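Full structure from sequences and hints, please.
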Amino acid sequence: MEAKGVSAFAVIAILSLSLLLLAADALDDGKTLVKKVKGKKLCKKTEWECNQWSVYCCNETISDVFQVYQFENLFSKRNSPVAHAVGFWDYQSFILAANIYEPLGFGTTGNKTMQMMEIAAFLGHVGAKTSCGYGVATGGPLAWGLCYNKEMSPSQSYCDDFYKFEYPCTPGAEYYGRGALPIYWNYNYGAAGEALKADLLNHPEYIEQNATLAFQAAIWRWMTPVKKGQPSAHDVFVGNWKPTKNDTLAKRVPGFGATMNLLYGDLTCGKGDIDPMNVVMSHYLYYLDLLGVGREEAGPNEVMSCAEQGLFNPPAPPSTTAAAS
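Letter by letter, the sequence shown follows residues -26 to -1, 1 to 299 in mature numbering (1 follows the signal peptide of the UniProt record, and there is no 0).
Treat the hints with care, since some could be wrong.
[Stated by the list, open to error] Straight-line Cα separation of at most 30 Å, DSBU-like style, residue types lysine-lysine; simulated pairs: (1) LYS225 - LYS86; (2) LYS171 - LYS138; (3) LYS245 - LYS216; (4) LYS10 - LYS86; (5) LYS171 - LYS19; (6) LYS219 - LYS202; (7) LYS245 - LYS171.
The set of hints was computed from the structure by calculation and includes no laboratory data.
Just so you know, these numbers come straight off a predicted model, no measurement behind them.
Right, dumping it as structure tokens:
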């Protein structure tokens, strides 16, 4: 009888374990699979979006919190007859591009407010860099984001021979600005192409031919540090980055200002209250309002701005061939 009892207990234990394993992959809300690995809750969606196991996929996805009508509100003039990229940019291309990065935390970090704020921040950069709304543009200058998908009058070839071994310029290719956060120079096309598994070094024109790829390149830039050991724009915005003593001395703090510092450096930051910085900030605040978050969530000026911040990546000083006599 004792042997039978042990056997029955073993059967019950096996059944219980099986049920636990089934529960680990059970549907949480009808479209989310959930499991625990080393005490961490991981999720993935049964639909196409956020379909890799990740702690971030336990949150709402971008299409849950940011819908097509909101995209249309943010970029209401992009298909106006005078826009330069009519019919190119659309909501579906953005969501398809974002899907790759949602398991890494893009638009899926934190609560719904933080998710909406990151979407507004990223698209604020995009809107500012692709706008053709100047002066008395109908609807106001902030309504014209995603007007461009490429630089209209390139001032140079953007081929840097310093990278001729790593990212050699392809004869006939032009590396002028293209995309949602415009890519310039052969080395940037080369690095983005490696990350996205697209031959952008030989075919930089792909960025202006495919809106999903153009958004992917922009999100990759947002999610990827410029240099090893540095945070990404995503990290400094959502709070993954903790400033060092040197960062604090340089007035670098987590927030939107630090994203401008990382993405644009001395073109925008550390120069006081200048127009290039204010244009990007204005788009972010405008988008926060349109998304119903409210610009008050953006924080104080020292968080919003990079006017007084020391640069993460200061430009190299001019080389000198001889010491001054």
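Check each numbered hint from earlier against the structure, then list the numbers of those it violates in ascending order. 7
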